[in-house]
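S.K.: The residues making up each chain are set out below.
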Amino acid sequence: MFPPFPNPPTTPTQARFGEGDLIRRSASSVTPPAQRQTEVAKLIDVSKCIGCKACQSACLEWNDLHEEVGVNVGVYDNPLDLTPASLTVMRFTEWVNPESQNLEWLIRKDGCMHCEDPGCLKACPAPGAIVQYSNGIVDFVHENCIGCGYCVKGCPFNIPRISKVDEKAYKCTLCSDRVAVGQGPACAKACPTQAIVFGTKEQMKSHADGRIKDLKSRGFANAGLYDPPGVGGTHVMYVLHHADKPEIYAGLPNNPRISPLVDLWKGVSRYAGFAAIGAFAVFSVLHSVVAGRSKVSEEDETNAKRLADHEGSNGSQERAST
Amino acid sequence: MRHDEVVKGDTLHPGDPVIIDRYSTTARFNHWMTAASLVLLALSGLALFHPALYFLTGLFGGGSNTRAIHPWIGVFLFFGYMGLFFRFWKVNLWTPTDGTWLSKLHVFLTGHEEDMPEVGRYNFAQKAVFWWMGILIMISIASGLAIWDQYFSTYTTVDQKRIAVLVHSMAAIVMICIVIVHVYGALWAKGTMTAMLKGRVTGGWAWRHHRKWLRELAADEKARPGTPPATPAE
Ligand code: HEM
Ligand code: SF4
Ligand code: SF4
Chain A
0 MFPPFPNPPT TPTQARFGEG DLIRRSASSV TPPAQRQTEV AKLIDVSKCI GCKACQSACL
60 EWNDLHEEVG VNVGVYDNPL DLTPASLTVM RFTEWVNPES QNLEWLIRKD GCMHCEDPGC
120 LKACPAPGAI VQYSNGIVDF VHENCIGCGY CVKGCPFNIP RISKVDEKAY KCTLCSDRVA
180 VGQGPACAKA CPTQAIVFGT KEQMKSHADG RIKDLKSRGF ANAGLYDPPG VGGTHVMYVL
240 HHADKPEIYA GLPNNPRISP LVDLWKGVSR YAGFAAIGAF AVFSVLHSVV AGRSKVSEED
300 ETNAKRLADH EGSNGSQERA ST
Chain B
0 MRHDEVVKGD TLHPGDPVII DRYSTTARFN HWMTAASLVL LALSGLALFH PALYFLTGLF
60 GGGSNTRAIH PWIGVFLFFG YMGLFFRFWK VNLWTPTDGT WLSKLHVFLT GHEEDMPEVG
120 RYNFAQKAVF WWMGILIMIS IASGLAIWDQ YFSTYTTVDQ KRIAVLVHSM AAIVMICIVI
180 VHVYGALWAK GTMTAMLKGR VTGGWAWRHH RKWLRELAAD EKARPGTPPA TPAE
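Taken in order, these protein sequences are the chains called A and B. Just so you know, numbering that gives the first Met the number 0 puts 255 at position 256 of the first sequence, and the rest follows in order with no gaps. Just so you know, numbering that gives the first Met the number 0 puts 161 at position 162 of the second sequence, and the rest follows in order with no gaps.
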């Protein structure tokens, strides 16, 4: 058992982090705080999940979101994908283990991973629409969001969704508002099996170690922690029974990283772009200085007049040839 | 003489100086609408391209509006360019002279236009602007539609969108470079702005820059106002 979070106090509490704790802010620079807060993390133990979706309900409830009534398409996933209202979704996979021929039911809670190196934030063109706190939480600030969808392109996990209602981007906040007052995320609170636990990143890692040992002792030789280094590690981690094959968990990326296309788009292409525009502008200025402007001379006018007058006299013959 | 270089409406008014109507009112309107949409697209696009230029969103009423308006200006540009395209594609077709002209580009750039081959309504550089803008506008539209997520988000995958946004911004950069050259060219050759502002040029301008066009016009009775032309007193 992991000690559950105590219930919140009934008196107002001071927020534990805020504007002063930003380590990254989209399309702008911040002065990072002198001291970084202890990194937090949510640990999702896939092997313990029973697929009850209490976390999904708790998420809708806490964030006051309302998912439309959908249709059943013959699978357990409901809704079928993340939406601007469903910031988390259970993804069900039926997988036949080739070694044991056992049918394994893999249930992964999908949602924002709160990357240490967030591709969404890197791609966002709107200053302050995406922020990262020193405790590792990546949050969207809706009043600054312009709804361009660049975060969708930047994210290696395909998480953000743009609302058709207000054209703004939505994703899991890691319940930054709850964490700020010392609570854990709503999903963790609701989970009946403690498949979701929350604490400091170090605590979560050591808790995961225990879980992995247990799984290994029960025959899951490849059990392990999913904390992908390609994005600098994440503040939402998974314990997987088959950590060597994350992709079997409804396409969890194996070794995710920010797409090189995004790096190119947000890096070299900007310098190349401005350099090219600058070069053309400089060329134009230099050319006008060195070569001067081209002027029509009196002689040109006379020549034109002579041509017009001369051709005009026998123009009718010319016309016959058209 | 063939009349490959003349566009309907080109009219030569004999006199001193000779005056030629080069762009009709509708052609000029078409051009300036296209130019305006390009500038607005460049400004609204660049605002999202680099944070240092995000302040440009102020011109369009904020970030969200910029994001929303930009693609629509693109649609506008498409129709604008199409108008110009059908108006002028024929006189922009490649001719052997263009090859010769390009091989002597350095002569042109060093200001010795008199040593260049005689060109028609457009020279090589102008034709290059015409065709490249067309190609790049098509590329921008295709890639722009792929990232126009407000309406078409489901038609492309995220990976396709990543390619599209990169292609889109690079096409935009190239277009902006071409526009710089285009505007500079128009300013550099005195008398050219009048062509697009007032619609007319002087005979001397045509003699200097587009002599083949002038020759065809001069030889063409239909390209003169009024009928019949009086026999000039030599
Ligand atoms: C039909 C034509 C076009 C369409 C549909 C279109 C659409 C888009 C869309 C959807 C975006 C993403 C942001 C937004 O929604 O505003 C965008 C960005 C952009 N557009 Fe366009 N566009 C078109 C033409 C152009 C043209 C002609 C230019 C340049 C002269 C241009 C320059 C840019 C730039 C620089 C960006 C920012 C790219 C970045 O953030 O790296 N666009 N365009
Ligand atoms: S949709 Fe909003 S959060 Fe996403 S990249 Fe655009 S401005 Fe940033
Ligand atoms: S998972 Fe995606 S949305 Fe979440 S922090 Fe990482 S890049 Fe951003």
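For the record, the hints were derived by calculation from the structure and aren't laboratory data. Some hints here could point you the wrong way.
Claimed, not checked - Here chain B is said to cover these stretches of chain A; the calculated rule only asks that three of the stretch's residues, wherever they fall, bring their Cβ under 8 angstroms from a Cβ of chain B: (1) 84–92; (2) 155–167; (3) 175–186; (4) 263–273.
Said to hold, decoys possible - Pairs of lysine to aspartate or glutamate, EDC-like flavour, derived with a Cα cap of 20 angstroms: (5) A:K52 <-> A:E98; (6) A:K265 <-> B:D158; (7) A:K304 <-> B:D158; (8) B:K197 <-> A:E300; (9) A:K294 <-> B:E112; (10) A:K294 <-> B:D114.
Backbone N, C-alpha and C fix where the C-beta goes; we use that ideal spot for every residue, glycine too.
S.K.: Indicate, hint by hint, whether the structure satisfies it.
M.R.: Results of checking the hints against the structure:
1. 84–92: Our answer is that it is violated, as 0 residues pass the Cβ test (under 8 angstroms) against chain B, missing three.
2. 155–167: Satisfied; 3 residues make the cut.
3. 175–186: Check failed, 0 qualifying residues.
4. 263–273: holds (count 7)
5. A:K52 <-> A:E98: 30 angstroms, violated
6. A:K265 <-> B:D158: This hinted pair holds, its Cα atoms lying about 15 angstroms apart.
7. A:K304 <-> B:D158: Roughly 61 angstroms between the alpha carbons, so the hint for A:K304 and B:D158 is violated.
8. B:K197 <-> A:E300: Since the Cα atoms of B:K197 and A:E300 sit roughly 19 angstroms apart, the hinted pair holds (cutoff 20 angstroms).
9. A:K294 <-> B:E112: 11 angstroms, holds
10. A:K294 <-> B:D114: Cα-Cα ~15 angstroms, so holds.
Comparing the model with each earlier hint shows violations of hints 1, 3, 5, 7; every other hint is respected.
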